[in-house]
Amino acid sequence: MRTMYRLLLLLALFCFFLVAPVMAAWEINMALGTTREVTDSLLNPENVLALSTEHYGTTQVIFGDQWLSSDLVFLFSFESWLAYSHTEHRLSNTITECYLSFMPWENIYLDLGKVYYQPGVGFFKNPSAFLLPAGAQINKIYYGGREKNEGRIILRGQYFSPTAVYELIYSPEFRWDRENEYLNCLGSQQDEEILLCSVAGHAAGFDLAGSVCYDRRLRFGGNLAYVVGNNLELHLELAVEQKDASQINKKNDLYRQLTGETAADLGILSQRLIPIFILGTHYTFPSQWNLMFEYYFNGLGFHSGEWAKIRERLIENKKFYKNPEKRPQVMTALSTAKSLIDVSGIPGMVRHYGLVRFAYDLSTETSLELIGLFNLIDLSGMSLIKCWYAWEPFQIGATFQMPFGEKDSEFGLLIDEWTAGVWFAVNF
Amino acid sequence: MRYFKYLLFVMLMINSFALAAELDGVEILKKTDENRIVGHEFAFEMEISSYRVEKLVDSYTLAGYVRIDDQQQTVKSLIYFLQPAQVKDRKMLMIGNEIWMHFPKTRNVIRLSPLQVLLGEISNGDIAQVAFSIDYDPVVLGKEDYNGQTCYRLELTVKEERKQGPYSKIILLVDTAELLPVYAEFYAQSGRKLKEVYYKDYQTILGKRIPMVSEVYDSIIGENCTVMQYKKLVKKSVPETYFRKEHLPRMSFIPLSN
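Protein sequences, first through last, are from chains P and B.
To convert, note that position 283 of the first sequence is 283 in the numbering used here; the numbers rise steadily by one, no gaps.
To convert, note that position 63 of the second sequence is 63 in the numbering used here; the numbers rise steadily by one, no gaps.
Don't read these hints as lab results, they were simulated from the structure.
Only a predicted model underlies this, so the values are computations on that prediction, with no experimental measurement involved.
Yeah, the Cβ is synthetic: ideal placement off N, Cα and C, and Gly gets one too.
Each hint should be verified, as a subset may be incorrect.
[To be verified] Here chain B is said to cover these stretches of chain P; the calculated rule only asks that three of the stretch's residues, wherever they fall, bring their Cβ under 8 Å from a Cβ of chain B:
| # | stretch |
| --- | --- |
| 1 | 77-84 |
| 2 | 90-102 |
| 3 | 199-206 |
| 4 | 372-382 |
[Stated by the list, open to error] If you want the ones that stay clear, here's a sample from chain B, every Cβ over 10 Å from chain P, calculated:
| # | residue |
| --- | --- |
| 5 | D70 |
| 6 | V109 |
| 7 | E246 |
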């Protein structure tokens, strides 16, 4: 633990004295937090506090720069993350972005390298962000968050025509020996090759974008945004995917293990296409308040009847499941949101979710944000309160996270938990 | 007596020519816009400072690149935030009343409403308020004396096709001698007065008389004031592609020197 911390400290000092003078941007984020009990929620969509331990801390050092030469751009961004608690520590170093961008002909751009590609028009996770890994629940809600924006190795061509922008992206499969620590600095492995083409434009006040993606199956995406009057913004982000048999089998396994039933009668089995979409609105009050509502339809989630059956079973076995050793194999693996998504590929357990976000700048330095995430089937949810104060170049903030509603639902499954933390950031 | 009749006739003729030469609202507004715009393509560096009861509470520095398209009757503005660190590298594109923002950390380009506040009394849409005649139809309400200057009092009503704009009506005082704005009141769709703007510190830049300072007062809390001050104003052309929302993630700061 101490060695690791020293290593990170050394890296920070290295950045400060050697790298920072030549790097345009770098930042250090530190967070400390505590949970009342060990976090055991199945879904922690925001993953605000990063760890699932009683007392914990994280230190993150990010540095990067962009070199420009007429029509040539080289961008490099590196992140070092140390997560520590009284029981464990982890250090990860990742090249989050490293790419070359140039303009070989007028209005045509080519990008080659690891690029963080984030399409979309809303704040919640965009279902049509096909190049992001399934587990990347990008924390788009926060303007000043500490999320890891890790890119993907791609070759991208982008053409700006007078009326629309066309893109063609190829991302290769890319794997290596996970035991090799140095290669692990490259970040997440790319398990499949992806071909994506998209077109985006603006007509009659609407921002429109459509995309087609192929990665062993076809996926279609669409984004739409429109402003009504002076205060109201509306948006839609949509993805329709061909059914992935392995994903459905995983879900079926999960259902069987959670309910103990062997009958393969999940609603999703009869579906050919999986729709996932977000319909949202953002209202700006003249007094600077911002209120946002988003409805999230998760075509991969359980139907209300299926979810009721799962909850019934979980309640019956609550005491039994409280002992981790006695939990079903799948459930043990699903003790955090990240593993839920990694194991099942399911962004949430049920079909219908709601998000309410309220943001208000108390002053130009102080901001307040309240977020409520709702499972609309049983109306349980997660509330998040975040406030921060900024004085250049520092920022200090506090976060509080608490599940509410049905304790046996996904946000507060098995135990009633809350999490609180403070964080400190320096941006140069 | 005969000479007196001739004199009277000549005076009447002169008076009628003078009346004919009197500008109508459309011409006044067009000339007012022409007088304060340094060109169809220009760039600026601006400091926006927000005051609460005369105390400075915050300040932004930003660079702006403007392109005025006479044919399409649109103003396109690209804003790059330079300071402070918490907003640095944000980029904003405004085409007419449509606004997009790119935050460096969230990466995707989001759509904003024109009334969303940028700082203090300044909305996003106010930064690009460079040409009144594109969005508003004027009517001359008369002349009045304002701080020793004789001014036209114009009532600007938003054009039917620009109803999406943040202000439904503007009362604008324009100096009759130089045809330059000195004061404006901005009204919401509801008829409520939102803000008052004082155009000050006129300087000759690139052969035009430019108000280097605009003081914006909240009409409800009159002590709250935000000052927009040009630090630099130059003629500069930025490629048309840069004024596309899809290009915002690629954009980096373009120095204002030619």
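Hints versus structure:
no.	hint	in the structure
1	77-84	violated (count 0)
2	90-102	violated (count 1)
3	199-206	holds (count 3)
4	372-382	violated (count 0)
5	D70	holds, 18 Å
6	V109	violated, 8 Å
7	E246	violated, 4 Å
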